[in-house]
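*Asks:* Each chain, letter by letter, is given below.
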Amino acid sequence: MVQKIKAKIVDAEGVERTIVRLAHEVIERNRGAKEIVVIGLRTRGVTIGRRLVEKIKAIENFDVPFGVLDVTLYRDDFRRRLKQPVIQISDIPFAIDEKHVILVDDVLYTGRTMRAALDALMDLGRPASVQVAVFVDRGHREMPIRADYVGKNIPTSVGEEIQVRLKQVDQEDCVLLVESPEEVE
Amino acid sequence: MALQSRHLLGLEGVNREEIALILDTAESFMEILQRPIPKVPTLRGKTVVNLFFENSTRTRISFELAEKRLTADTVNFSTSTSSVKKGETLKDTIRNIEAMNIDMVVVRHSAAGVPLFLTRCVDAAIINAGDGMHEHPTQALLDMMTIRRKAGDLQGLKVAIVGDIAHSRVAGSNIHGLLTMGAEVMLCGPKTLMPMHAERLGVRVSHRLEDALEWADYLNVLRIQLERQHKGLFPTIREYHREFGITLERLEQAKRDVVILHPGPINRGVELDSDVADSDFSVILDQVTNGVAVRMAVLYLLSGSDPALE
Amino acid sequence: MQTIDRLLICNAEIIDFAAGEQKKIDLVICGDRIDKVGQIDADAFSGLIFDASDHVIVPGLMDMHVHLREPGREDEETIESGCAAAMAGGFTTICAMPNTDPPCDSQEDVRFLKKRAESQLVDVLPIAAITKGRAGKEITEMADLLRAGAVAFSDDGSPVSNNSVMRRACEYASMYDAVIVDHCEDVDLAADGHMNEGEMSTRLGIAGIPNAAEAIQVYRDIELARLTGCRIHIAHISTRESVQAVRRAKQEGLPVTCEVTPHHLMFSDKALVVYDTNLKMNPPLRTEEDIAALEQGLKDGTIDVIASDHAPHSIEEKDVEFEAAPFGIIGLETLLGVVLKRIVERKVLTLQEALYRISTAPRKVLNLPVPQLRVGEAANLSVIHPTREWVVDVKKTRSRSRNTPYGGMTMLGQVAAVINKGLLWQP
Numbered sequence: 000m001v002q003k004i005k006a007k008i009v010d011a012e013g014v015e016r017t018i019v020r021l022a023h024e025v026i027e028r029n030r031g032a033k034e035i036v037v038i039g040l041r042t043r044g045v046t047i048g049r050r051l052v053e054k055i056k057a058i059e060n061f062d063v064p065f066g067v068l069d070v071t072l073y074r075d076d077f078r079r080r081l082k083q084p085v086i087q088i089s090d091i092p093f094a095i096d097e098k099h100v101i102l103v104d105d106v107l108y109t110g111r112t113m114r115a116a117l118d119a120l121m122d123l124g125r126p127a128s129v130q131v132a133v134f135v136d137r138g139h140r141e142m143p144i145r146a147d148y149v150g151k152n153i154p155t156s157v158g159e160e161i162q163v164r165l166k167q168v169d170q171e172d173c174v175l176l177v178e179s180p181e182e183v184e
Numbered sequence: 000m001a002l003q004s005r006h007l008l009g010l011e012g013v014n015r016e017e018i019a020l021i022l023d024t025a026e027s028f029m030e031i032l033q034r035p036i037p038k039v040p041t042l043r044g045k046t047v048v049n050l051f052f053e054n055s056t057r058t059r060i061s062f063e064l065a066e067k068r069l070t071a072d073t074v075n076f077s078t079s080t081s082s083v084k085k086g087e088t089l090k091d092t093i094r095n096i097e098a099m100n101i102d103m104v105v106v107r108h109s110a111a112g113v114p115l116f117l118t119r120c121v122d123a124a125i126i127n128a129g130d131g132m133h134e135h136p137t138q139a140l141l142d143m144m145t146i147r148r149k150a151g152d153l154q155g156l157k158v159a160i161v162g163d164i165a166h167s168r169v170a171g172s173n174i175h176g177l178l179t180m181g182a183e184v185m186l187c188g189p190k191t192l193m194p195m196h197a198e199r200l201g202v203r204v205s206h207r208l209e210d211a212l213e214w215a216d217y218l219n220v221l222r223i224q225l226e227r228q229h230k231g232l233f234p235t236i237r238e239y240h241r242e243f244g245i246t247l248e249r250l251e252q253a254k255r256d257v258v259i260l261h262p263g264p265i266n267r268g269v270e271l272d273s274d275v276a277d278s279d280f281s282v283i284l285d286q287v288t289n290g291v292a293v294r295m296a297v298l299y300l301l302s303g304s305d306p307a308l309e
Numbered sequence: 000m001q002t003i004d005r006l007l008i009c010n011a012e013i014i015d016f017a018a019g020e021q022k023k024i025d026l027v028i029c030g031d032r033i034d035k036v037g038q039i040d041a042d043a044f045s046g047l048i049f050d051a052s053d054h055v056i057v058p059g060l061m062d063m064h065v066h067l068r069e070p071g072r073e074d075e076e077t078i079e080s081g082c083a084a085a086m087a088g089g090f091t092t093i094c095a096m097p098n099t100d101p102p103c104d105s106q107e108d109v110r111f112l113k114k115r116a117e118s119q120l121v122d123v124l125p126i127a128a129i130t131k132g133r134a135g136k137e138i139t140e141m142a143d144l145l146r147a148g149a150v151a152f153s154d155d156g157s158p159v160s161n162n163s164v165m166r167r168a169c170e171y172a173s174m175y176d177a178v179i180v181d182h183c184e185d186v187d188l189a190a191d192g193h194m195n196e197g198e199m200s201t202r203l204g205i206a207g208i209p210n211a212a213e214a215i216q217v218y219r220d221i222e223l224a225r226l227t228g229c230r231i232h233i234a235h236i237s238t239r240e241s242v243q244a245v246r247r248a249k250q251e252g253l254p255v256t257c258e259v260t261p262h263h264l265m266f267s268d269k270a271l272v273v274y275d276t277n278l279k280m281n282p283p284l285r286t287e288e289d290i291a292a293l294e295q296g297l298k299d300g301t302i303d304v305i306a307s308d309h310a311p312h313s314i315e316e317k318d319v320e321f322e323a324a325p326f327g328i329i330g331l332e333t334l335l336g337v338v339l340k341r342i343v344e345r346k347v348l349t350l351q352e353a354l355y356r357i358s359t360a361p362r363k364v365l366n367l368p369v370p371q372l373r374v375g376e377a378a379n380l381s382v383i384h385p386t387r388e389w390v391v392d393v394k395k396t397r398s399r400s401r402n403t404p405y406g407g408m409t410m411l412g413q414v415a416a417v418i419n420k421g422l423l424w425q426p
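Residue numbers (numbering that gives the first Met the number 0), protein chains in the order written: chain A, 0 to 184; chain B, 0 to 309; chain C, 0 to 426.
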């Protein structure tokens, strides 16, 4: 499937700079990195989360615990699907109790994924606080969710889509604005 | 990737990718089962009926727990076929269930083919929890999951199923599942408890326990139903134990790292000695844990297919 | 159904089994007799004319193995509905098996059946029980039963297991040259079985009935035929071992005959993969190898007769889990179609050979007169279009029961008319 690319909004250097800025913001707000844990949402939130943790390490020289969360089982569009999505393993090898959890995802859109992630997190323990970090906030929220750290605010229309490409999975760093594919269902 | 059928009636005809999907999904659920709150809201609002026409505390509890861990609403219906005239109850029960707007039915029955029969009667997804001497797919899946967790891969493994093969739905499902996943299978037991033309299923057949012990990486030891003796299928429990019972002494003939499975409940001192069942060879309790995860995986994967959307 | 006054059937091919030939001929029937045979000018004929071009005429078809459920289970089949199904299947004659409730084991029962069938076009010939109450213990009053109209003896459905009882029955029947029709099944070997024992039963997890359960009783019957001289007819033969045993017995000149059903020729146990209770029969559907042996038996004459084993069961009884369902299917209306489709079209038998096995052969087995297509003889005949195809519509069955696996299947050979007792039936 070839999607029509409308614009390249952020280039490789911009992606790197943004992650560095996000790392600084997280550290500043939490007065260091000692009490935080970072949890990336599958799948691109994991890659961004890992890069965030690397940057924090570079700045603070401290290994922030990093975990992976699959929210498939908590989604609210369950009944509207024909076939079940393949679920992957959540891997959070540390206790989140009394920690400041930074939930990381690539794009914040309707807020439903983040809503599911909050539910999933509550089943794992009782964090001191939950903060949301996203690379792109594209608007159109359907839930009372807001991000604490935003890489880029990119206003979009519903017929558009944001693609965050990362060198670890896509061989390049950039953010693209593309046209949504035709509804398949 | 998804399952081809809306129902899980057996493992015959279920392909390698599907079995792998179920086992992989079950691994994800193992992670959930280890959480402080081992529960996810995935099946919220879905209603599952556990329809047990035959006593089976273990399987029913395992399914019920799996359903509750997925936040499904669970209804249990247990009855014995022997108390009422056969046929009438089944048909009537099914009609009643159809009227109650049920999403999934987990069924256990003493007659082979009943789960398939139910698919013709109701819209709900049907999961076979054991039908007569036919299949018990979730048991075989949990056995395979247990083996896979030990060995990493089923391909090329040698699994011997020992005991009353003829009357065992566990054997039935394991044969299909293991062969599909690339394992080799040997059936071992007295000829009176071996089904006709078993070798045509693509398995080895032996009537000497030594063959199985020397050959197998994994031994799946089946429960001996004591009523089989009354039917004259073997002379005495004593002789069965001497010929086919797994004892620590006989295990000296086996590979040193042989692993022993048993679907439970064990007749200690008959097919399996206590000191074997409780030894490091045994993964029987792992099977029980894995059973919940496997059943969660099956419930999850089958719940997505809403017939109204098809 | 209508009464025949004067009827001309013209342009039909008449099959004369005795001469082994088939010739085009016209036939005039007055009342219940054949009045003229030869070239008849239709224009000069006054009466009903039936142009039977492309049809064949055979002595009235006979099904020697039918279960009518009257008395006892009239909800499943009555004598009347059974006869309607028989006519639709092309039969003018059927034998009624005695496993009714009460069973047909006394002369009153035989008379009841004959009385109830009196007004029917179809001749209903009672087969009486071998033992009282079909219990396998004491033999029935065979002489009395024969006098009342019984044409043979059978405990069909529940075999006579006790060899001594069977021997006495054979000895006794042989005094009257009567035929014993035996359902061969070793009940201990068959025990809890619901299908053929083999790879399929292993796959499906259903207890099996081994070939040996039938063969052992066939061997026994052959030895009792040798011992007593009684004529024994093996009902619904299903295994290669049984075919071979009967073949040898015939070679030895023993008075043993046998029949096969259409379903044992049509389906193997592989068809049971969806647990269809309409494929649950006793004896069970066997394997491809057995089917091949049955076909060979038909070819070489080891198997004398094809009979339906028409066994009506209610929907309630059949629409249950496989193991709880009763054995048997209806078959009167589909026998001819299956035989032509499966046996004639696939050239196992010629049309003549196949029709012989469902008209003349059963009468020879039971020592009954064979209807002759000659002037002055009673008109007992069936008119068939042998190459016309039709599709089985279960809803249109004349039987009171619907337990057939043939729904939606294409059959070969359509019944155009049956004539008997001065009556004409056309679909």
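Think of the hints as simulated: they come from the structure by calculation, not from any bench. As the structure is a computational prediction, the values presented were derived from the model and not from experiment. Worth double-checking, as some hints may not be accurate.
Here are the simulated lysine-lysine pairs, DSBU-like style, with alpha carbons at most 35 Å apart [unchecked claim]: (1) 33(A) to 38(B); (2) 33(A) to 98(A); (3) 90(B) to 113(C); (4) 269(C) to 298(C); (5) 346(C) to 298(C); (6) 363(C) to 395(C); (7) 67(B) to 45(B); (8) 166(A) to 3(A); (9) 67(B) to 98(A); (10) 38(B) to 56(A); (11) 190(B) to 340(C); (12) 230(B) to 269(C); (13) 114(C) to 394(C); (14) 420(C) to 90(B); (15) 113(C) to 394(C); (16) 269(C) to 157(B); (17) 230(B) to 346(C); (18) 149(B) to 45(B); (19) 340(C) to 394(C); (20) 394(C) to 90(B); (21) 38(B) to 98(A); (22) 98(A) to 56(A); (23) 136(C) to 113(C); (24) 131(C) to 230(B); (25) 113(C) to 340(C); (26) 340(C) to 249(C); (27) 346(C) to 114(C); (28) 190(B) to 230(B).
*Asks:* Would the hint linking residue 346(C) and residue 298(C) be met if the CA-CA limit is 35 Å?
*Replies:* Roughly 10 Å between the alpha carbons, so the hint for residue 346(C) and residue 298(C) holds.
*Asks:* With the threshold set at 35 Å, check whether the alpha-carbon distance from residue 67(B) to residue 98(A) stays at or below it.
*Replies:* holds (29 Å)
*Asks:* Below or equal to 35 Å on CA atoms is what counts here, so check residue 340(C) against residue 394(C).
*Replies:* Roughly 21 Å separates the two Cα atoms, so the pair holds.
*Asks:* Next pair to validate is residue 269(C) with residue 298(C); report whether the Cα-Cα distance is within 35 Å.
*Replies:* holds (24 Å)
*Asks:* Just to be careful, I want the Cα atoms of residue 190(B) and residue 340(C) compared with a cutoff of 35 Å; is the pair within it?
*Replies:* violated (41 Å)
*Asks:* Within a Cα-Cα threshold of 35 Å, do residue 38(B) and residue 98(A) meet the stated pairing?
*Replies:* Holds, at roughly 22 Å.
*Asks:* Please verify whether residue 166(A) and residue 3(A) have alpha carbons no more than 35 Å apart.
*Replies:* Holds. Residue 166(A) to residue 3(A) sits at ~21 Å (cutoff 35 Å).
*Asks:* Has the given pair, residue 67(B) with residue 45(B), been kept, meaning a C-alpha gap of at most 35 Å?
*Replies:* holds (11 Å)
*Asks:* Need the status of pair residue 230(B), residue 269(C): alpha-carbon distance at most 35 Å?
*Replies:* holds (28 Å)
*Asks:* Tell me if the straight-line CA distance from residue 394(C) to residue 90(B) falls inside 35 Å.
*Replies:* Holds, at roughly 22 Å.
*Asks:* Keeping to a limit of 35 Å between CA atoms, is the pair of residue 269(C) and residue 157(B) held or broken?
*Replies:* holds (30 Å)
*Asks:* Would you check the hint for residue 420(C) and residue 90(B), treating anything up to 35 Å between C-alpha atoms as holding?
*Replies:* violated (46 Å)
Figure legend: structure checked against the earlier numbered hints; hints not met, in rising order: 3, 11, 14, 17, 27.
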